[in-house]
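Modelling step: build the complete structure from the supplied sequences, incorporating the hints.
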Amino acid sequence: MHPNRIHRRAQQAEPVGTGTAKWRRWVSGCWSALLQFWSKVQISHRGKYSIERLQALEEYCKSASRLRVAIVCCLTPIPAFLLLLALECIPLRDPSEGWKANYPTWIRSEIVSYSVAQGLLLQVTGMIPGIPMAPATSVLVALCSSASCMALLIAITAQLVYPLPFAIVLSVMPFVIIFPIFFGLAIGRRPFLIVPNLALQLQRQLLVLFAQATLVLVYPTFNAVFMSLSLTGQLMALSLLPAVKILIKNIVARASGHLEDYIPEIVAFSVDVFNSLYVSACMQSSTRWLTTSLVMAFDAAQAVLAARDIQRRTTAVQRWNPSGMWQSPQGILSDALEVCAHPELLSATAFQKIRLRSPIKLEISERNRGVLSSLVRHRAKMRGLGSANNRRRRTSVLFSGPQTRFKSQKTLLIHQTLKMLFQCEYFILVEYIECAAPLLYAMYSTAIYYLPNAVYFPQTANLTEADVASTALYLFGYALLESLSFVAFSVVLQRRFGFSPLYLLAFVLEKQAKQVQGRLFVWIVYILPFPLKHHGVDFTFQFKWIHRSAEP
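Numbering (this note's numbering), first residue to last: 4 to 555.
Keep in mind that the hints were calculated from the coordinates and are not lab data. Heads up, some of the hints might be wrong.
Derived SDA-like pairs: lysine to any residue, alpha-carbon spacing no greater than 20 angstroms straight-line [to be verified]:
#  : residue 1 : residue 2
1  : LYS514    : LYS43
2  : LYS65     : ARG498
3  : LYS547    : ASN465
4  : LYS103    : ILE549
5  : LYS536    : PRO94
6  : LYS547    : LYS422
7  : LYS536    : LEU163
8  : LYS517    : PRO362
9  : LYS65     : ASN465
10 : LYS536    : MET230
11 : LYS364    : GLY260
12 : LYS364    : GLY133
13 : LYS43     : GLN314
14 : LYS422    : LYS517
15 : LYS422    : LEU375
16 : LYS536    : LYS422
Dropping the structure here:
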């Protein structure tokens with residue numbers, strides 16, 4: 004019978020109440036489409052580990068002690084935080100005294116600008132190792148970039164008003180133009196002739212930096228709107244923040260697509276650090292418990308969805324592990340590499356989809372380097388035999404079915420493991436940042452209360468010691484709540500695979516310290532002192548000091 008006739012008869016046979024069934028199917032379809040869209044925009048779905056990175060992680064887990072892991076995780080944000088506290092020890096003068104009398108502010112701003120320039124240099128040179136950048140050259144580039152930006156800002160301020168409205172935001176625009184100029188002059192033309200595709204790599208890195216610069220424009224705008232709203236409006240504004248964050252994350256991730264192994268670190272320490280610090284600042288100035296509840300609800304929803312994805316991935320990994328147990332001390336890592344040591348056990352088709360080398364060469368043992376080389380040779384051999392295998396596919400499938408299934412099983416085990424590690428790395432980095440950001444903000448707010456510049460910060464100018472203690476306790480409580488998903492995730496992964504996510508976290512923080520510190524020195528030093536009066540930040544847009552300076 005023709006399908007159309009069957010469909011018409013089915014429609015005629017439908018009972019009257021099928022409207023409800025259609026509605027349910029429509030809702031189910033919309034929900035499925037929404038889940039598919041959510042999956043596409045998730046950073047954790049944008050890649051997987053390379054074999055070389057898997058080898059480096061396994062070696063780190065074998066060599067690093069628990070004490071070392073704890074020290075790395077605890078001390079990573081400290082250098083940038085100590086620099087910020089040192090800056091707060093520079094006594095500032097009242098902005099009403101004018102731009103000339105406020106030379107300590109210009110010294111401070113120059114140090115901040117220099118720190119940002121050095122942080123950007125660490126990011127760029129860390130991702131493009133072929134760029135020759137001696138320490139003296141790095142200092143010169145950062146110094147010239149920061150000094151030029153400060154000179155331009157002083158000249159504009161002298162002609163207009165001090166402090167310049169939102170000077171800390173406006174200074175970003177000339178900086179993103181001046182910095183690439185001095186950077187290009189420093190490296191010259193020779194590296195472009197030596198390093199393959201250097202121009203394309205630099206273009207991509209600059210795109211990442213520009214995407215990060217948009218954060219400086221988007222989030223202050225959000226903060227301005229947030230501060231001007233009622234409680235209901237603030238809650239609605241916070242509900243839009245995840246969408247803004249996801250959009251910028253995908254822009255940064257897309258620009259970093261050629262560095263697949265490093266996407267979790269780049270996105271997490273760019274967008275999530277900025278977002279977490281800003282959310283902490285917004286919540287401190289709003290009605291606390293309702294705001295906290297909404298933010299925690301969004302974080303919990305995202306954590307549940309992320310955990311659901313990782314659950315599905317871990318189930319897939321266990322499905323392709325014949326024994327269902329991980330016998331080695333490092334669990335899944337060593338077992339996966341044991342399979343890689345025998346490339347003849349891997350399926351040719353699925354093996355072609357696995358990346359072998361990391362975009363940036365990693366430090367691994369000679370044994371693992373040899374295994375990696377054998378995998379490269381095996382892949383080349385597979386490609387050479389590809390046409391012959393295609394001609395004999397029908398015959399071989401009749402006689403080697405069990406062997407083919409065994410190879411596919413082993414290859415899928417590797418494939419799913421690499422995807423799971425990519426997801427776990429991004430999730431653990433985000434959880435780490437969401438725990439650390441409120442703690443840093445709480446310590447910073449408490450510290451500046453006891454320093455001479457406290458009168459120039461809106462959040463500490465009129466506070467008592469009891470208020471400071473209450474705010475710190477609130478932020479510490481928020482950080483504690485954020486840590487619950489971190490701990491739960493660590494326990495589950497440890498039990499399932501004999502592998503602690505803390506080692507994965509420490510691996511990223513230590514082995515990619517150059518890039519991590521580069522981003523922390525940019526964001527911590529820039530964001531936390533953002534509300535300082537000398538920066539011209541006024542989210543009411545009244546700018547009363549301009550009217551006072553215009554009076555005769």
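Hints, verified against the model:
Using a Cα cut-off of 20 angstroms, the hinted pair LYS514 and LYS43 is violated, with the two alpha carbons roughly 29 angstroms apart. Restraint check: the Cα-Cα separation between LYS65 and ARG498 comes to about 18 angstroms, which is no more than 20 angstroms; the hinted pair holds. Restraint check for LYS547 and ASN465: satisfied, since their Cα atoms lie roughly 19 angstroms apart, inside the 20 angstroms limit. Restraint check for LYS103 and ILE549: the C-alpha separation of about 16 angstroms stays at or below 20 angstroms, so the hint holds.
For a cut-off of 20 angstroms, the pair hint linking LYS536 to PRO94 stands: about 14 angstroms separates their Cα positions. Taking the CA atoms of LYS547 and LYS422, the gap is near 54 angstroms; set against the 20 angstroms cutoff, the hint is violated. Under the criterion of a C-alpha separation no larger than 20 angstroms, the hint pairing LYS536 with LEU163 is consistent with the structure, at around 17 angstroms. Under the criterion of a C-alpha separation no larger than 20 angstroms, the hint pairing LYS517 with PRO362 is consistent with the structure, at around 16 angstroms.
With a C-alpha separation of about 52 angstroms, the suggested pair LYS65 and ASN465 falls outside the 20 angstroms cut-off, and the hint is violated. Distance check on the hinted pair: LYS536 and MET230 sit about 16 angstroms apart at the alpha-carbon level, within 20 angstroms; holds. Taken as a hint, the LYS364 and GLY260 pair is honoured in the structure, with Cα atoms around 17 angstroms apart against an allowance of 20 angstroms. For the suggested pair LYS364 and GLY133, the alpha carbons sit about 11 angstroms apart, so the restraint of at most 20 angstroms is met.
Note on LYS43 and GLN314: the hinted pairing holds, with a Cα-Cα distance of about 18 angstroms set against a maximum of 20 angstroms. Taking the CA atoms of LYS422 and LYS517, the gap is near 25 angstroms; set against the 20 angstroms cutoff, the hint is violated. A hinted pair counts as satisfied when its Cα atoms are at most 20 angstroms apart, and LYS422 with LEU375 qualifies at roughly 19 angstroms. The suggested pairing of LYS536 with LYS422 is violated, with an alpha-carbon distance near 47 angstroms, which exceeds 20 angstroms.
Of the numbered hints given earlier, the model fails hints 1, 6, 9, 14, 16; all others are met.
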